[in-house]
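Peer 1: Starting from the given sequences, assemble the full structure and let the hints guide the process.
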Amino acid sequence: MIDDNPSVYNELYSCSEDHQILRWNLLTSETSLVVKLQEDLFPIDLHWFPKTVGGKKQSQAEIFFHLVSKTGRIEKSVEAHKGAVLAGRWNYDGTALITAGEDGQIKIWSKSGMLRSTLAQQGSPVYSVAWGPDSDRILYTSGRLLIIKPLQPSAKVLQWKAHDGIILKVDWNSVWDSYGRLLYTSSSHDYPVTSVSWSPDGEVFAMGSFNTLRLCDKTGVRAPLTTHPTAPVLCQPLTHFCVLSLCAFQCDKHGSRRGPPSLP
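Mapped onto the working numbering, the consecutive letters of the sequence shown carry residue numbers 78 to 341.
None of these hints come from the bench; they were simulated from the model. Ideal placement from N, C-alpha and C gives every residue a C-beta, glycine not left out. Mixed in with the good hints there might be a few duds.
[Said to hold, decoys possible] Derived pair list, reagent style DSSO-like, types lysine-lysine, alpha-carbon separation capped at 27 Å:
id : residue 1 : residue 2
1  : Lys-113   : Lys-159
2  : Lys-238   : Lys-226
3  : Lys-159   : Lys-226
4  : Lys-153   : Lys-113
[Unchecked claim] Using C-beta positions, here's what the derived DEER-type ranges look like:
id : residue 1 : residue 2 : range
5  : Arg-193   : Lys-159   : 31 to 41 Å
6  : Pro-230   : Leu-104   : 42 to 52 Å
7  : Lys-238   : Thr-105   : 40 to 50 Å
8  : Gln-115   : Leu-259   : 35 to 45 Å
9  : Asp-95    : Ile-243   : 36 to 46 Å
10 : Glu-116   : Arg-258   : 44 to 54 Å
Peer 2: Quick look at the structure:
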């Protein structure tokens with residue numbers, strides 16, 4: 078996964094199966110280690126908390142989604158789903174966090190980690206979720222479908238087939254308009270695309286695949302950024318925020334994963 082830091086436009090963060098969260102400087106191409114997680118934690122997704130919103134630090138609790146400081150310290154952990162938490166996203170004013178899980182549920186949490194509501198229940202894992210521009214609706218995956226669900230219970234739900242295979246990652250900007258009409262499609266890559274994240278200004282996006290991290294402009298022109306040591310890049314924020322939400326799954330003491338199976 079990759080994501081951008083909204084407070085520093087030339088930074089990009091990534092996490093992978095190697096337990097590491099890395100910081101990439103897009104101007105110098107330098108890479109630095111933010112934190113190496115414990116061996117039984119496998120990060121799947123990460124997203125920055127909005128910089129403009131304050132909040133007290135949280136004490137540590139249990140497992141499955143983690144609030145992480147910029148220095149890499151885990152501030153709080155919450156057991157959120159049955160099975161792995163596959164995606165987590167802060168809304169634009171930092172008042173709510175939405176998570177999607179292997180159990181097919183989509184949940185909304187307060188910024189302190191308290192459950193507010195279960196918004197949807199699917200019959201299969203939900204691999205990715207994103208907030209709409211006004212934080213009044215969400216976009217999430219369901220197999221080959223994309224679904225836009227308003228937070229208002231009586232509002233109409235919109236869904237459409239977007240890919241021929243399982244959709245692994247979504248982010249909201251202008252490639253699809255809000256009615257599901259396709260505005261752009263890329264050529265096929267050699268390996269599954271496991272992560273995508275827009276910059277805050279919507280001009281560029283980062284995509285992750287096996288051993289690869291690329292930066293693209295909004296027309297899809299690609300610039301290879303670098304490679305990641307023999308692991309799929311699962312999360313990648315292009316930076317703008319101060320506290321990270323990290324979705325991960327854990328192994329038990331025997332080394333068996335208490336999380337999702339391998340990506341389809």
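Peer 1: All hints, please: hold or fail.
Peer 2: Hints and how they fare:
no., hint, in the structure
1, Lys-113 x Lys-159, "holds, 25 Å"
2, Lys-238 x Lys-226, "holds, 15 Å"
3, Lys-159 x Lys-226, "holds, 22 Å"
4, Lys-153 x Lys-113, "holds, 17 Å"
5, Arg-193 x Lys-159: 31 to 41 Å, "violated, 18 Å"
6, Pro-230 x Leu-104: 42 to 52 Å, "holds, 46 Å"
7, Lys-238 x Thr-105: 40 to 50 Å, "holds, 42 Å"
8, Gln-115 x Leu-259: 35 to 45 Å, "holds, 42 Å"
9, Asp-95 x Ile-243: 36 to 46 Å, "violated, 23 Å"
10, Glu-116 x Arg-258: 44 to 54 Å, "holds, 45 Å"
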